[in-house]
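**Student:** Residue numbers (the working numbering), protein chains in the order written: chain A, 3 to 248; chain B, 61 to 213; chain C, 7 to 282.
Among the clues, some could well be false.
As the list claims (entries may be wrong) - In silico DSS-like pairs for lysine-lysine, Cα to Cα no more than 30 Å straight-line: (1) C:Lys24 - A:Lys215; (2) C:Lys24 - C:Lys68; (3) C:Lys94 - A:Lys215.
Just so you know, the hints here were simulated from the structure itself, not pulled from any lab data.
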Amino acid sequence: MLSGLREVGRAVLFLGQAISRMRLNKNQVGETLRQIYYAGARSLVIIVTCGFFVGLVLTLQTYDTLTRFGAADAASTVLALSLFRELGPVLTAILFAGRAGTSITAEIGLMRATEQLDALDLMAIDPMERIVQPRLIAGLIAVPALAVIFNMMALLGGVFFAVFVMGNDPVSFWGNMQNSVEFGRDFLHGVGKSIGFGFLAAWLAVYFGWSAKATGEGVALATTQTVIATAISVLILDFVLSAFML
Amino acid sequence: MKSSNQIELTAGIFLALAIAALVFLALQATDRGVVSSGGYQISATFTNIGGLKPKASVSMGGVTIGTVERIELDPQTFEARVYMTISDAYSDLPEDTSASILTAGILGDQYVGLEPGGSPVPLQDGDQVLLTNSAMVLEQMISKYLLGGDSQE
Amino acid sequence: MTQNARTDQPAIEFEDIKLILGGRTILDGLNLSIPSGQVTALMGPSGAGKTTLLRLITGQLKPDQGRVVVNGTVVNELSPKELNQYRKNVGVLLQNGALFTDLTVFDNIALPLREHTQLDESLIRRVVLLKLHTVGLRGAAQLYPRELSGGMNRRIAMARAMALDPGLMLYDEPFAGLDPISMGISLRLIRQVNEALGMTSIVVTHDVHEVSKLAHLACIIAHGHIIAAAPPAELAQSQEPLVRQFMQGLPDGPVAFHYPAPDLSDDLLNSGEQHA
Chain A
3 MLSGLREVGR AVLFLGQAIS RMRLNKNQVG ETLRQIYYAG ARSLVIIVTC
53 GFFVGLVLTL QTYDTLTRFG AADAASTVLA LSLFRELGPV LTAILFAGRA
103 GTSITAEIGL MRATEQLDAL DLMAIDPMER IVQPRLIAGL IAVPALAVIF
153 NMMALLGGVF FAVFVMGNDP VSFWGNMQNS VEFGRDFLHG VGKSIGFGFL
203 AAWLAVYFGW SAKATGEGVA LATTQTVIAT AISVLILDFV LSAFML
Chain B
61 MKSSNQIELT AGIFLALAIA ALVFLALQAT DRGVVSSGGY QISATFTNIG
111 GLKPKASVSM GGVTIGTVER IELDPQTFEA RVYMTISDAY SDLPEDTSAS
161 ILTAGILGDQ YVGLEPGGSP VPLQDGDQVL LTNSAMVLEQ MISKYLLGGD
211 SQE
Chain C
7 MTQNARTDQP AIEFEDIKLI LGGRTILDGL NLSIPSGQVT ALMGPSGAGK
57 TTLLRLITGQ LKPDQGRVVV NGTVVNELSP KELNQYRKNV GVLLQNGALF
107 TDLTVFDNIA LPLREHTQLD ESLIRRVVLL KLHTVGLRGA AQLYPRELSG
157 GMNRRIAMAR AMALDPGLML YDEPFAGLDP ISMGISLRLI RQVNEALGMT
207 SIVVTHDVHE VSKLAHLACI IAHGHIIAAA PPAELAQSQE PLVRQFMQGL
257 PDGPVAFHYP APDLSDDLLN SGEQHA
């Protein structure tokens, strides 16, 4: 318990340092873009496939349940609301932790193990600025971007199931959803959440990599911790944000 | 291994894709997209609107053509007055169109259903729909059925 | 041995250094002055604190007592900002090169130039290619470090350390794990660079044989301080038992073969009860 609290304290101190040492220059923009490629674009496959199938199964389940109450029309609304408000941001953040978070942690851990961080320090280049900052910003941008793509794919999956499997009218399916999904209260809140989750996921990934023991074992442990810590804290933050936003 | 130019290009494409998805979802999958900025306003009074809320849809023949803008109680007649915005695409609804408050399924939302009349004169901005049917309230329906009465309105 | 010009003023001075790390006293009352413009070798048994001395010079560690003076600057009193300024004049070759694995050889060497100079890209290109040419790897500029051997990686790291033409070069175990050919190349390079650029070089190693070919001055660290500092040829003749043990590689002597333990016969007789 106490060591857990100490870990949280260290992570916060680390974040404070990273933010206080942030600096913007031309080199950083290129590096941040590179990290967006590694963290974001390379996670597209998992996000697109998972999104599509989540949409499929969600529509299947809600159809089955709602027809019992004669409210099958609401299926598209249920799909869109649960995606925008909860599933999109949360699942994307957890998938991101598994795909990109772990690789960020392992990369930074290995940099420590192979003295690359020391080498930067010795060349009078701040590793916080050069290594940590671009990855933090990239995570902050990549996760909301992935969440939007996830939602898009899930809706596509939903439409696919409703229209091609169940033979629904695509216009009424889409129209019902349009009418009941509020732009501000549902859509924007979801986007806001995923920005928060992106920040959290990137922060934890970078922190565990940074504080990893400089051995193979230490790096392996750190990647595991990244996934566990991100999954737990995303769900906690999700509850807190939902409570504030509703 | 890709060259750094390719990597930056892919990252750019990825971001553009995400922004496109964002814009599409924001405009097409939420209530933002129902009524394009243009539209004209009509109103209707009901003795009882049941659970109708602002932003509910206004439809004719099952097609959504507008939204409920606001609802207020007339201080003189104590009737509910519902203001609706109808898309400009449907600018020649007959003057004697009737409005009723309906429910989509048992659990669905309440919405305003418009029924076209036969008048050649179209409804103008600010006009009032005169023929209205109030919401069906379950309790009233039951009591009506039990008492066999037919003087509901 | 050729002597370089600026030998009057010492480049680095350790004054009565005491350093405690994790409750263990690593250095205690260490005094040493390293001459300017020469190659100095730091030798000693593993764990004696050779790498620690390098870390004191780079400012990564601060002594608990005493001063580290490099060319007139007291390193352990620098602010972080001044330290960064100071480090631009110090080139360090870390044990395994520590090249950035996600950058090409060219970008690795260009990195310090891009960070710290206002040179335009065409000039940076020229400097990088010249540095690579010095270490004989100009042809590998567009490759990634993992595509090259360990010895080549270390030469690239050397080129990177020299990128800003520092006045002081530190080499941490530059010969560890190299085959004889690579070792010969590294040896010649260190010598060449030192003579051509007139920089002060410090080499941490325990390779006694190589030191005699390379260094002007050899220092042996043990028990937290310098036990001998002399030209390698003199050290080889030394009668001091520890120096002799080290220079000749004797298995037992002042540095004991056995880790401190109770008497063997006692230990064997009691073993059953103690470990039960």
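**Student:** Next, verify each hint and record whether it holds.
**Tutor:** Evaluation of the provided hints:
| no. | hint | result |
| --- | --- | --- |
| 1 | C:Lys24 - A:Lys215 | holds, 27 Å |
| 2 | C:Lys24 - C:Lys68 | holds, 10 Å |
| 3 | C:Lys94 - A:Lys215 | holds, 28 Å |
The structure is consistent with each of the numbered hints, conforming to all of them.
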